[in-house]
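Chains as they are written, first to last, in numbering that gives the first Met the number 0: chain A, 0 to 522; chain B, 0 to 397.
Worth flagging that the hints you see were computed from the coordinates, not collected in a lab. Please note that the accuracy of each hint is not assured.
In silico DSSO-like links for lysine-lysine, alpha-carbon gap of 30 Å or less [to be verified]:
#1 A:Lys508 / B:Lys235
#2 B:Lys139 / A:Lys353
#3 A:Lys187 / B:Lys287
#4 B:Lys287 / A:Lys158
#5 B:Lys233 / A:Lys404
#6 A:Lys158 / A:Lys107
#7 A:Lys158 / B:Lys328
#8 A:Lys508 / B:Lys287
#9 B:Lys391 / A:Lys312
#10 B:Lys338 / B:Lys328
#11 A:Lys508 / B:Lys233
#12 A:Lys508 / B:Lys247
The lines below spell out each chain.
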Amino acid sequence: MGRVIGIDLGTTNSCVAVLENGQPSVIPNSGGYKTTPSMFAITQDGKRLVGHLAKRQAITNARNTVFAAKRLIGRRFDSEEVQRSQELCAYEIVRGPNDDARIQVGGKTFTCPEVAAFILREMRRVAEEYLGEPVGEAVITVPAYFNDAQRQCTKDAGKIAGLEVLRIVNEPTAAAMAYGFNRSGDEKVAVYDLGGGTFDVSILEMSEGVIEVLATAGNTFLGGEDFDRRLVKHLLEGFRESEGIDLSGDAMALQRLKDAAEKAKCDLSGRERVEVNLPFIATGPGGPVHLSVELTRETLERLVDDIVQGTLKIVDQCMTDAGLGREQIDQVILVGGQTRMPLVQQAVAEHFGKRPHKGVNPDEVVAVGAAIQGETLVTQDDNLLLLDVTPLSLGIATFGGHFAKLIERNTTVPVAKSHIFTTTRDNQSAVKIRVLQGESDVAQENDLLGEFVLSGIRPARKGEPEIDVSFDIDANGIVSVSARDLATGKEQSITVNATGTLSEEEIHKIIEEQELYEVQLKE
Amino acid sequence: MRLAGQSAEDESVLRLAPGCDPAHLSLSPAEGFLLSRIDGRTPRGVLRRIGALPPADIDRCLERWLEAGVLERVRASARSAAGAPPPAPAPAAPALPALDPSLEIGLELQRELLDFAARLDRSYHEILGIAKDADERAIKKAYFAWSKRLHPDRYFRRRIGPFAPLVEACFRKLLEAYELLSDPQTRGEVQARPVRAADAPPARRSSLEARRRLRERVGALAFAARATEERRRKAKSFFEAGMAAFAKERWLEAAGAVRLAIAFDLENAVFRERFAEVQRRAHEERAKALQKQAEGALELRDFPQALRLFEEAVHYRPADPELAMRAAKIAQALGELRKAKELAAHAVELAPDHAAYRRTLGLVYRDAGLAANAKRELEAALRCDPSDAEAKAGLRGL
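All chains should be modelled from the sequences, with the hints used to inform the complete structure.
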């Protein structure tokens with residue numbers, strides 16, 4: 000039987016792990032790195048590059064290098080997040096046929112699951128090379144706060160990459176699994192996960208091999224890249240003031256600034272001040288102009304302080320949902336590269352009144368947890384069980400634009416619930432079921448997962464027909480809905496087909512096409 | 000967890016004697032609890048373990064009630080067929096499956112699941128198997144313990160047959176019980192109240208059955224457990240799909256499907272054997288497609304692109320010296336001498352006696368300034384074909 004791998008598909012970096020003889024190990028890629036940049040590029044001569052190779056050429060080929068595509072997956076083109084991304088990315092984001100966001104590079108348009116699949120395929124290859132056998136199954140992690148569409152798209156990506164996705168696991172939960180693996184005793188744990196592009200917090204309780212998620216909260220558009228962006232903006236403004244040159248329209252200069260900002264940010268975790276030197280960044284009236292400034296940790300902290308404070312508000316909301324006070328938390332686990340920043344560590348420590356746990360590697364722990372969950376599933380290990388929750392409330396839009404929640408957020412999954420609805424007009428023959436996910440009472444302020452029509456309702460006075468709507472959330476957090484007229488027995492059901500998810504046919508076509516390019520990916 | 004002793008006595012099953020009204024008995028709450036769990040299905044060993052009394056006391060009670068004619072023994076053969084006993088008519092519970100040793104689920108666990116399922120319409124405390132005054136800790140403990148047996152993950156890919164819908168229904172009820180009991184506000188409300196009454200307002204009762212059926216179907220779909228055999232079956236279906244594609248000469252699709260089949264069933268020698276063949280064809284198809292693209296690029300005089308495509312084609316059809324040679328010549332023309340040397344050497348290796356290949360390799364060496372190697376290859380070319388004018392000219396120029 001093939002091995003199950005755990006893949007942490009990150010916004011900036013991805014990581015793959017496997018369990019060997021009961022011990023988790025993180026698999027290094029051929030360059031010896033345990034994480035691989037989640038980047039994809041098409042070179043001038045049509046070559047497709049993934050990972051470190053893509054990152055290395057990003058400066059000279061910014062327009063055809065895709066980074067942080069995870070921020071776009073499963074989102075509508077018109078959404079605020081996509082629009083915001085568009086301003087920041089050198090590559091082009093275009094509207095897809097289903098109003099989804101697609102990526103245009105090298106003269107070709109890719110769906111977000113396709114781009115994610117390039118990364119997943121690379122991770123699969125890394126694992127196969129290490130294990131010396133084909134790998135067919137994986138557990139893939141997503142931010143806990145991902146909605147149904149984002150999860151579906153991630154699952155599609157796995158399929159395109161030739162993987163059977165056993166489970167989609169929430170990142171903080173995976174981290175907690177890695178922490179709780181081979182550890183006994185009762186504990187309440189908070190996981191603070193600040194990655195490249197997303198922020199999650201989960202409160203969990205562990206006892207006798209059961210890991211129960213009490214509550215989870217987050218923001219899928221907040222992460223380390225926001226820190227970089229603040230720094231880039233700071234550098235841009237400084238340069239404009241000192242040199243009178245605006246670099247914000249220059250894709251190549253922006254890419255250099257972005258790289259320099261990221262590096263400076265990381266360096267400032269260990270040092271008080273760093274030099275940023277970017278020679279020949281622009282050409283002024285008097286010839287070439289260089290950017291050379293000193294950045295201090297204090298400056299960086301001032302620039303991002305409100306972001307860090309914002310995460311603590313989300314932590315508080317999550318604690319309230321879990322019904323716990325800060326003093327009841329036994330252990331705080333930091334996950335994600337951005338938690339290496341002293342300001343973040345200090346803020347979290349002060350907030351909980353205790354020092355965070357030091358024993359886990361914030362870049363690798365999520366992949367390790369995913370591998371553990373995969374192994375636990377296929378070996379039917381009954382010593383470890385995960386009770387996870389759905390992060391967002393689920394329901395349908397009702398008369399007057401209200402949102403009727405059928406499954407509240409933080410409900411343990413898998414869960415199936417049903418509710419009876421009725422008509423609002425006499426002799427109404429059809430109802431439209433609009434499935435929503437979110438927390439607002441106003442229907443249109445929530446994410447629309449999909450809609451379908453139940454027709455052929457027997458004529459009756461308003462309020463008389465009984466329409467039973469059943470919701471089902473599986474252990475992956477993926478939703479299916481069915482509606483049934485109890486009088487006629489007529490039934491409609493959908494696996495909610497949300498924005499950007501692909502049909503079987505589309506997936507198959509993409510798989511064929513990618514196979515053709517496989518040799519290039521292997522370079 | 001295991002039963003203490005698997006004696007015949009532990010295996011025996013009791014039920015309430017027909018016509019006996021237990022309300023006449025004078026019982027302590029714990030004894031009442033024990034009596035409430037006698038349902039004509041639960042074996043004595045299980046009763047002894049999950050009752051609210053010490054096992055010895057439970058035995059004493061059971062013996063006393065048997066003597067008094069309150070209880071009677073159920074014959075083993077009749078047990079699995081026994082319907083719901085009088086005190087626990089369970090309209091909302093699905094028909095309970097019989098014990099089945101062929102399932103991938105231990106008999107003991109099957110019994111525990113049946114035992115749980117049989118009390119789905121009891122009070123939430125009884126469902127969790129805890130005392131009415133159990134505190135939060137005890138409630139959580141019971142919830143965790145039952146989760147380990149009822150969560151669908153526990154049966155991931157296991158063949159559990161009729162237990163699949165049962166486990167699913169039980170897990171849902173477990174969640175419901177825990178949700179209500181763990182919240183101090185609702186705990187008081189549901190205390191000791193039978194579940195059925197709390198399930199839905201009376202006006203909806205008529206539709207309850209329909210809703211339940213619907214839920215069951217949706218749930219069973221979502222939680223369908225799979226087993227090792229199913230894994231093989233899946234491998235087989237991938238393989239068959241692969242072979243079907245193979246028959247239709249869709250080699251790439253065939254190779255992808257067979258690759259997946261192997262991933263699902265690594266031990267299958269047939270798959271591996273066929274894979275070699277399928278992959279060869281798939282590679283040939285790719286090589287052809289790439290070669291065609293390469294010719295197109297040549298026509299457009301896009302030499303770097305043509306070289307890249309030819310190189311790739313060589314990767315997929317490594318045994319074709321002519322292909323390697325064409326790539327080598329383009330590389331040479333582009334000044335990519337290292338590449339040209341590798342490709343030409345590859346062609347020479349495949350056809351050592353081919354004068355033109357030797358000559359090309361020699362000329363590449365010459366371009367690279369490696370005179371000794373160039374001389375060796377050009378001389379070899381002349382040995383293969385003494386009339387090769389280009390080779391002669393090359394040698395003279397060295």
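**Report entry** Earlier hints that do not hold, by number
**Finding:** 3, 5, 7, 9
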